[in-house]
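Starting from the structure of chain A, add chain B where the hints point.
2 protein chains.
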Amino acid sequence: MTAFDDLMAYQRETSALGQIAGRLGWDQETVMPRGAAPQRAEEMAAIESVLHARRSDPKVAEWLDQAEPGCEAGQAQVREIRRSYERTIKVPADLAKAIARVTSTAQGKWAQARADEDVTAFLPVLEEVVALKREEGAALAQGGNIYDAMVEDYEPYTTGSQIAAIFDEMRPRLVALRAAVLDRPAPQALERAFNETDQMRLSQKLATTFGYDLTRGRVDKAVHPFSSGSGSDVRITTRTNETDPFNCFYSTIHEVGHAAYEQGINPSFALTPLGCGVSMGVHESQSRIYENQLGRSRAFTGWLYGQMIDVFGDFGIADADTFYATVNRVHNGYIRTEADEVQYNLHIMLRFDLERALMAGDLQVRDLEAAWNDRFKADFGYAVDKPSNGCLQDVHWSVGLFGYFPTYSLGNVYAGCLYQALRDAVPDLEKQLAAGDTSCATGWLRENVQQHGGLYAPREIIRRASGVEPGPEPLLAYLERKFGALYGL
Amino acid sequence: MTAFDDLMAYQRETSALGQIAGRLGWDQETVMPRGAAPQRAEEMAAIESVLHARRSDPKVAEWLDQAEPGCEAGQAQVREIRRSYERTIKVPADLAKAIARVTSTAQGKWAQARADEDVTAFLPVLEEVVALKREEGAALAQGGNIYDAMVEDYEPYTTGSQIAAIFDEMRPRLVALRAAVLDRPAPQALERAFNETDQMRLSQKLATTFGYDLTRGRVDKAVHPFSSGSGSDVRITTRTNETDPFNCFYSTIHEVGHAAYEQGINPSFALTPLGCGVSMGVHESQSRIYENQLGRSRAFTGWLYGQMIDVFGDFGIADADTFYATVNRVHNGYIRTEADEVQYNLHIMLRFDLERALMAGDLQVRDLEAAWNDRFKADFGYAVDKPSNGCLQDVHWSVGLFGYFPTYSLGNVYAGCLYQALRDAVPDLEKQLAAGDTSCATGWLRENVQQHGGLYAPREIIRRASGVEPGPEPLLAYLERKFGALYGL
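Sequences listed follow chains A and B, in order.
Numbering-wise (the working numbering), the first sequence opens with residue 1 and increments by one.
Numbering-wise (the working numbering), the second sequence opens with residue 1 and increments by one.
Be aware that one or more of the hints could be misleading.
What the hints assert, rightly or not - With a straight-line cut-off of 27 Å between C-alpha atoms, the simulated DSS-like cross-links for lysine-lysine are:
| id | chain 1 | residue 1 | chain 2 | residue 2 |
| --- | --- | --- | --- | --- |
| 1 | B | K59 | B | K90 |
| 2 | A | K59 | B | K97 |
| 3 | B | K205 | A | K221 |
| 4 | B | K221 | A | K221 |
| 5 | B | K59 | A | K59 |
| 6 | B | K59 | A | K97 |
| 7 | A | K377 | A | K482 |
| 8 | A | K59 | A | K97 |
| 9 | A | K205 | B | K221 |
No lab work stands behind these hints: they were computed from the structure.
All of these numbers come straight from a predicted model, not from anything done at the bench.
Chain A extracted, bound-state conformation (with noise of 0.2 Å):
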């Protein structure tokens, strides 16, 4: 046994009891007597605090220095276990519990306050978080950028300044997008109830037609749609909505796209720290092009227009050009993750300047509505309402996830380079999915980016598939080419 194959099997078990933790959160939001939830709290303490241990143990440290990787995927698995453990290492033990606990107490006072409508109940505790999390972010910054430090939890060799840079090229051309199409007369709604077995009985065949594998995975129902666990244990949940099929159909056809990705990389990286998505931005990458380019174009619409008349009967949509342009409906609204693609980004990027300026130490906690408020009018062109729909509506903040925002963002712009190249890739795209075939076009996705796991760093991944520098160009011509046709602009 070499140094580098005791740090692998050691890894490996690591990695299992990283994926005993996932199954328990599944298990939370799932299945979990309710009365269970003080009890899960201390299992979950219990098996973090192993996994920490484990993470941050001399012994690795030991082992980086002696490991000797021979391969290109050898050498992956010695820099992501290496950074791992410096993340570890650097963050003081006492730090990271006064965090844990902070937001497991935060995450419930920030429902209560969304509940009541009251900001002020919540900033005390955001106070804490925030002073918290920019201290976390001092110690694994050591002199550095502190929100730089963060993004580095979720999107790897990634920085906020590459981040910005890429926003302030999409803003102006998606308000400007947006303003055009709110412009125009709306498209037809679904104005009738869809029963929710049906719903979850043709959400189980889009699962299936866009490769989900079942032996490897099941769908449940619960509140918030996700996906969870690597290797071959990889479950997603839905949910349904009596007048909004959608919501149910394009949250599993999501959902999926992050599932495939975690069933799609090489089976010989499973239980290693390649065994699984390499960063939250390319999972997104994957869960979006499966849920829009793919799942929201004219040719898959066609498909599902026919599927939905087959399991509901006439629905009083009159054919399937109709059916489209009601799928991509753009409307005014104040939630995040109910907006449509023209959207839906304006919304991050409020986020992402937010949370960078009350990192940086420019934006006060107590300053965070107002600030909220003056942006969402600016790009919105109307005001909040109401805290529930400002900036209560999310939970990120409340538990700590300073860094996460941009990266459903960067999901779509590297979605946007991954659609341009397949494109090319499959030229006879359309006609597949037109008839309800999505192998070539999920193939091409998992030859190209899925399989690799972690082994490249995510802007190398997209790189590679789509042979072009990850940037917003591809995702912008396909907003303004898609929504100026289907809004006659």
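Same frame as chain A, but now just chain B:
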């Protein structure tokens, strides 16, 4: 922080990790995608390895040496932590790993051999298991009796000789009762189909009727019914068989007995060694008294008869007395898990004597089948027709569970003692059960048995609750009285 406080804080985390391992087991039997099995084996091995390391950590020995627990419960905690520590360090790590490896293979080989009716295909791996378990038993016994050391894992503070003395008293009376009962005409059997969804619905009602708290538990379907978890997350499973609704109902009531024990434990013991059932025998005493003495009583079956009429309409049984006889029908059969109250313990005694002889070296694995078949003929009066109805029917030995079988019958013996005391404590018990009200009965069991968790040794808890020295007389008298009346002996 005293040494005792440190010890308990550490133990609390260990217990939380133990709960996680249990939850993985539940997941595996209920919701896990089938393709996830190999990865799950690695996950289980990883958490078991963490648990083993924690249970045998030298820090535990230091704390144990210095701990000065003040109260009775503290002393019991120290006693149980010491027992676990000493048990863990006595078995060499290599031996523990070899047992884990061999038994995981052996279970598959057993299942295949059972399907093929091929005992010889199973014997080589069973020989390995027996050899390794004898080695483990010798390490644990340190010169003492090997089988006693194994019983200790499931029924602490109890020896093979104590059990043998109890069983020797039971066997002749049970053989005689069995023969007399089967000499009489058989009661009417069920002869129609019962909708499985309705079975599950009534099953859920039975669970709450017996006091199962669904805010801290849930009921799912699984191939083999079981109860899993402690504290505030105690889940049960049951199964349905279209022509045999009693299988579903009494499996549910049985598992609710186990679950109610866990749910009834003093909450201040949660996530400590006292926070779960003290032994398999006491556990089984709860499941059996719920299932048999209460659930199969004339009074309760009268109520159940009405429930079944409500749900299924007329199902061909004319009145409650006939129904009571049908529920308690004694019938020939080879399979332990399908046996009635009269014959169940005979199946156990057969296994107890054989496994005790195997561990003592008095019986060789190659002679096991013949020994099984001889004994079966002697007690039941007819010959085993095929191995799946004989020595291949149970999974236990393949996974190394020697010393486990007798706890099933100890549970029946303990249930007999408890029921005698319960009838004295609740004079109008039958009236309550006839109204479908188990609250006084289950309340008495909670107060006198369940709440104590691991505080007292198994025989002590039964002695305290029943006021008698635990022995088989109350059970035998109950069986002779009940089945004597039912069969007009």
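| Looking at the structure, which of the earlier hints fail to hold? | No numbers; nothing is violated.
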